Each structure stands twice: as C-alpha cells, then as structure tokens.
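2 protein chains.
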Amino acid sequence: MRILILGGDGYLGWPTALHLSVRGHDVALVDNFVRRDWDQELGVESLVPIASLEERVRTWATVSGKEMPVYIGDLCDGDLVDQIVRDYDPDTIVHYAEQSSAPYSMLDRRHAVATQMNNVVGTLNVLYAIAAHNRDIHLVKLGTMGEYGTPNVDIEEGWLDLTHRGRQDRVLFPKRPGSFYHLSKVHDSHNIEFACRIWGLRATDLNQGVVYGQETEETRLHPALATRFDYDGIFGTVLNRFTIQAVLGHPLTVYGQGGQTRGIINIVDTVQCIRLAAESPAIAGEFRVFNQFTEQMSVRQIAETVSAAYPGDVSIEQVENPRVEAESHYYRAAHTGLLDLGLVPHLLSDTLIDSLFRIAERHKERVSPEAIRPTVHWRATANALAGAQ
Amino acid sequence: MRILILGGDGYLGWPTALHLSVRGHDVALVDNFVRRDWDQELGVESLVPIASLEERVRTWATVSGKEMPVYIGDLCDGDLVDQIVRDYDPDTIVHYAEQSSAPYSMLDRRHAVATQMNNVVGTLNVLYAIAAHNRDIHLVKLGTMGEYGTPNVDIEEGWLDLTHRGRQDRVLFPKRPGSFYHLSKVHDSHNIEFACRIWGLRATDLNQGVVYGQETEETRLHPALATRFDYDGIFGTVLNRFTIQAVLGHPLTVYGQGGQTRGIINIVDTVQCIRLAAESPAIAGEFRVFNQFTEQMSVRQIAETVSAAYPGDVSIEQVENPRVEAESHYYRAAHTGLLDLGLVPHLLSDTLIDSLFRIAERHKERVSPEAIRPTVHWRATANALAGAQ
Chain A
109 MRILILGGDG YLGWPTALHL SVRGHDVALV DNFVRRDWDQ ELGVESLVPI ASLEERVRTW
169 ATVSGKEMPV YIGDLCDGDL VDQIVRDYDP DTIVHYAEQS SAPYSMLDRR HAVATQMNNV
229 VGTLNVLYAI AAHNRDIHLV KLGTMGEYGT PNVDIEEGWL DLTHRGRQDR VLFPKRPGSF
289 YHLSKVHDSH NIEFACRIWG LRATDLNQGV VYGQETEETR LHPALATRFD YDGIFGTVLN
349 RFTIQAVLGH PLTVYGQGGQ TRGIINIVDT VQCIRLAAES PAIAGEFRVF NQFTEQMSVR
409 QIAETVSAAY PGDVSIEQVE NPRVEAESHY YRAAHTGLLD LGLVPHLLSD TLIDSLFRIA
469 ERHKERVSPE AIRPTVHWRA TANALAGAQ
Chain B
109 MRILILGGDG YLGWPTALHL SVRGHDVALV DNFVRRDWDQ ELGVESLVPI ASLEERVRTW
169 ATVSGKEMPV YIGDLCDGDL VDQIVRDYDP DTIVHYAEQS SAPYSMLDRR HAVATQMNNV
229 VGTLNVLYAI AAHNRDIHLV KLGTMGEYGT PNVDIEEGWL DLTHRGRQDR VLFPKRPGSF
289 YHLSKVHDSH NIEFACRIWG LRATDLNQGV VYGQETEETR LHPALATRFD YDGIFGTVLN
349 RFTIQAVLGH PLTVYGQGGQ TRGIINIVDT VQCIRLAAES PAIAGEFRVF NQFTEQMSVR
409 QIAETVSAAY PGDVSIEQVE NPRVEAESHY YRAAHTGLLD LGLVPHLLSD TLIDSLFRIA
469 ERHKERVSPE AIRPTVHWRA TANALAGAQ
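In order, the protein sequence lines correspond to chains A and B.
If you count the first sequence from 1, you need to add 108 to reach our numbering.
If you count the second sequence from 1, you need to add 108 to reach our numbering.
Rather than coming from a laboratory, the hints here were simulated on the basis of the structure.
If you're wondering where the values come from, they're calculated on a predicted model, not measured in any experiment.
Backbone N, C-alpha and C fix where the C-beta goes; we use that ideal spot for every residue, glycine too.
Any given hint could be a false lead.
As the list claims (entries may be wrong) - Chain B stretches covered by chain A per the calculated footprint, using a threshold of three residues with CB under 8 Å from any CB of chain A:
(1) 217 to 223
(2) 294 to 305
To be verified - With the C-beta cut set under 10 Å, the calculated list includes, among others, these residues of chain A facing chain B:
(3) 221
(4) 240
(5) 283
(6) 284
(7) 287
(8) 290
Work the whole structure out from these sequences, hints included.
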C-alpha cells in the first residue's frame, strides 16, 4: 500500500512512518517543520534530542534498506497539496499535520486564529486534493477524544443512534470540547463527514486519547530514529510530564481536583491503530469514527500510578486549574472499533513507566523546569508565552 | 442601547440598522464592501439599484435626523475589530458579516477555503474583542437553519435534551449541513458556545430560515434606502428568484423533486427578530439559540404559491439538482423562542408576492437571465464562475 503521512516529522507521524514501512508499506512524508519552529517560539525543546528529518530518513534507509520520499511544504498551500497527492498517488493519506496543543491555541487571539486556520484549511485542502485526484484514497485523520468534552452520557464512536420524540435517526455525536484547538478538530470532523457525503470519499476519523511513551520497536533501532519527548506545559502530555517531575524530585502537579478522566493510549498502540485503520479502509462514502484509546484514568490516578512506580519519594501537588473544565464528571467512552480490527493493547504498566524514568534520567540536564508550569489560563484572552525565553 | 452592526451594508444588515435606529437605538455600522466585490467577481448585481453606503447613511440622517457612524474594515483584521469595539463601546453586537451563499462556497477549493476562513476568523476576532473589552456585550449572531440539515427527528432550538442508555444530558443539537458555507456557521456556533462557557459571554445564535422580500417600513421611505434584491443562482434565495422568473415569463426552476422543505421568513420579520433578541439579551454565560423562521414550506410549494399568485401563465420546471441533498424528507423544526419574545409574524401572502412582482416588473430590464441558472455543482470540485461575465 502507498501511504502518504502528513506531519511525518512529528511526535507520532515519524514513529508511524517507521512502523508502516517495516510492515511492508511504501511510505512518503510531508512536513513543513512548523513543530520545530514552535519549540523556538516557546523556548522549549524535546527532552530527547531528535535528528533532522533528513538524517532520520537517511538512517532509516541504512537500517531498513527502505527509501522514504519527503515533500517539504505547508498544507495551507492548496496547490502544493494537490501537486503532492497527484505526484505520490497514495492509496492512503494519514493526516497528523495539525497544531496539536490545547494550551498553545489558548495563548491569545493570534494563536487561537492560527490554530483553527492551520488545521481547518489544511484539512480542506487535503479533502479537495483527494476529491480532485482520486476519490478512492482513504483518509485517516487524527482527531482527539477531547472533541467530545465530558458529556453526562456514554460517548459513542462518532455517531449516535438517537431517539427523539418517538422518531429515530443516526446523527453525529454531539460535541462540546474544551479549547480552540479541540474545536478545530470538531470543525475538521464536520467538514470531512460532508466530503464523504457529497464526493463519496472514504475517511476514518480517529479520536485519540492522551498519548504517553516515547519509544516504539522501530525508533529503538538507532538514536537518530528517536521521536520527540515533550514535557513542557504547552506540548507535554500529562503522563510524560509527571515522569519528568518525578525524576527531577518535583511534586507532580495536578490541575485542580484531578478528577478529570481521560482516555489514554501507549505510543506503540497509536502506530498499530493507524496501520490497522489503513489496512482495513472505510468503504466509499463512509465517515468512519474510532475512539483511539485503550484505558481511561483520572489525572489523579495517573499521578498516583507514576508516584507509586517511582523508586524515590514523590509528592502530588494540587495547583489551580488554568483550564475551564469539569474536575469531577461522568466518563464512559466506547472504544471497540479498533479492537474489532485486531488491536492488541499495551496497557499502562510499571515496566513502561520505568522505561520513561530511564529516558528522563538520561536527559534530565536538558530540562528547563520553569517550562513545566502551566502558563496559559483559559479565562484570560492573552498570555505571556511560556518557557525559558 | 448602543448597537454595532457588522455587515451593515448587506441585504439584511442595512434594513436591520434602519429598524433599530427608528426604534430609538444608537446604531453604528461596520462593513468592508466585500459583498459588492462579489457582484463584480460573479458579474451580477442587485435587481434593485442600491446606493453607496455613504449615500444611504446621508439619506437616513436627512430622513430621520439620526446619525449612523460607519467603520470601514475587515473582521479578519483582529486588531481592527478590537479597536472598533473599544471605540464604539456597544451594548450589543449584531453579526451579519459573513459570506452567506452556499453555492459561492461550493464554487471550488478557493471559495470553500475563503468562506470558512472569512466566517470563522471574523467571528473568532469578534469573540476575542468582546472578551478583552467588555464581557457584558451581547453578541447576536446570524446562523442558518441549514446548519441542522434534514434530520429524521424534530429539530430543536440549538440544544437537545438527550437520554442515552438511561442517562441524561443537555447537548448541542447535532448538525449535518449541506455546504461548506453552512459548515462555517456550524463551526461558528461551536466556537461561540465555548466562548460563553469560558469567558461568561452572552450570545444569541439565530438560525435563520430562507429570507424573502425586499422592503421594510424604513427602506420604503426613500429610494436611496433600498436594500439588495438578489435573484442570481449564487446569492438569490429561492422565493425571490421565482418572482423574477415569473415576471420574465420563464419557468420556475425547481431543483430535483422540490420536496426539500425549508423554514422561511419575511424580511420584515428578520429585522423584528434582531430587535427582539437585542432588547431581551441572553444572560451572562448563556449560549441562547433561536430558530428564526415563521413558516415551513417545500420548494415545490413555494413555486406553486408564486405561480398561483402571478396574474399571467407560469410553468414549473424540474431541473437536475446541482446540490447533494434529500429531495424528500421529514422536517419539523421548533421556532417558539422568538414568538415568546413577542414576534408577530408576517406570513407569506399574495399581497407580499404581488409587491415582489411589482419590484421585479419595475427593474426587469436589469435582469441577466443566464445568471438565474444553477451553475455550481456540489459533486464537482471546480466550477466555472456563474453569470454574465
């Protein structure tokens, strides 16, 4: 299968590319390196040093014998997207190329607008390129569990069988997310569903939980194949951030009461999920949605799990929640679609957390402790940029 | 009350400004004249000649003795929006300033992207300006009934009391609209609801039906106060288009079977609705939604009504539907919120249609008949521009 990965230089795009390549697929990458630019803007960087994309691809060719064509460019350039899709002629497009941080989108007006523009326009351009070139291309789009928010009812996989005043319909699951970033993905989902309806496109929208971990079987093969490990208050996900705090001897900072429950997923399962979705495409005209996570835990539970796994003393500290969100709520979300396709989950384990501790320990001199604090406040309309700049 | 009207030079923005002014409110206008530019782009124009905004405002000052400050600028310029809101310091912002044509948004990729960008970014900038300047400002935002699509269940006013697997929640009514334009308003609605939630803003989202008519009590006072009358395949709404076709002796062109049912509203009720919403604002933090229409009719019924009202012979012709939509479907939508605020509807009547016939008759030499045909096809990804250019 020919697979084009948008955002192939990112935290998940890169390991996904390696995994698909090792499983016998032809893989090409698209990226504009904007994620590396955001590091510069925010004065932070990946805890684990990462090679340039050029070096990554060169190393992979040496390690695996497989070439990986690279296209450099911005998805907001519609003509370019059109040209890349025409040139590579993929069977599947995996779309990771979005601004992916909620706090970044809440920094101020400029960042909110930039996030929605980048994500919505990029995805529109991809949809048009598929429709114009080959409507059979399967779009695998990364969404987020955060799109749903925290409804007081069970969350289904994208669609809801609704009974209302004695009549029935299958409707899109109503969403009420918690940041302008999450909203951008809600907008994407609506646009994609429409494209499936009018053009007969086939799409899989993957509402992913919070990803943790940093290594996959393939990234371990060579240091130049390593992917990012973000721990800062803007791009760091919660479990990764807690492991760094533990290693530094800092308290694990839980926002508010910590009762916020989230679906979580191991990075090694993320790459599996993408492969499974790609290898069993949606049918023509289908807007297929899977909830891509394997367990659900509250933030406090995650902190307690990390604290219990750490060999030394670790305390848990409650800090004022910078976000506007329910800190205690019902949460139950379906996630059977990917299991049905064959996903064998790697659940959160002490072994995994131990390996994160080892990674954090190895690179702890690179940590900038002030970058860990939350600096973006949802109720404000403007924020100082976070980090050590 | 100080009211700022965004899109104050448009089909509905202008008559709304006059109505609010005559009812004793202080009114200021914002516009960038892009609607007039689109006429140029598409090679069409309003059937009724319209004066420049400068002349409109000057005439209104003479007729009513009331000044109407005008700000010229684009809502996509966030700093400018901020400055205008700070300068005029309104109690209410009425937001009409969006690209409002479904066919225009479906012309090609460029128009789809431009529509979503213009509408989503403009609204984001307005939300940020309110949040930064005065969170008490009431935002009255024009949405559309088209946001809902045609679900097989009753449509409620924005929210749905959902029971699912034995649990309850009040959720946003699930939407599945039929064009990239309609989608842009769905995106807006999600963004606005979020802003109410995090910043405590007060907003009224008005999901308006298809507007018909061209005159209000105020626009009749002077020819320079006239508002637009669009009949072309891009911006013309269905009833207005049918009256022109009747006067020209052309068949009334119904798309497909004509069973598409829509909420419709008289322009004199539109301006009333805006006033009623403004005078009874949403409470702090409330995302209030009203469905702004007074009757529901199928496209075929509208054609038959116009045909029956016309003194001469009129035939109805079925043309291939350029859109992707259900041509026969269940449709029942709640619309009690504005009635509860005091709306007294002006239903579709022969008298109203007669007055439209007279207007069309008076200006029929200005019609460009080839502009009436549908030229934008939903299943295509690129279209020749419509009209007589």
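Check each numbered hint against the structure and report the violated ones by number, ascending. Structure breaks no hint.
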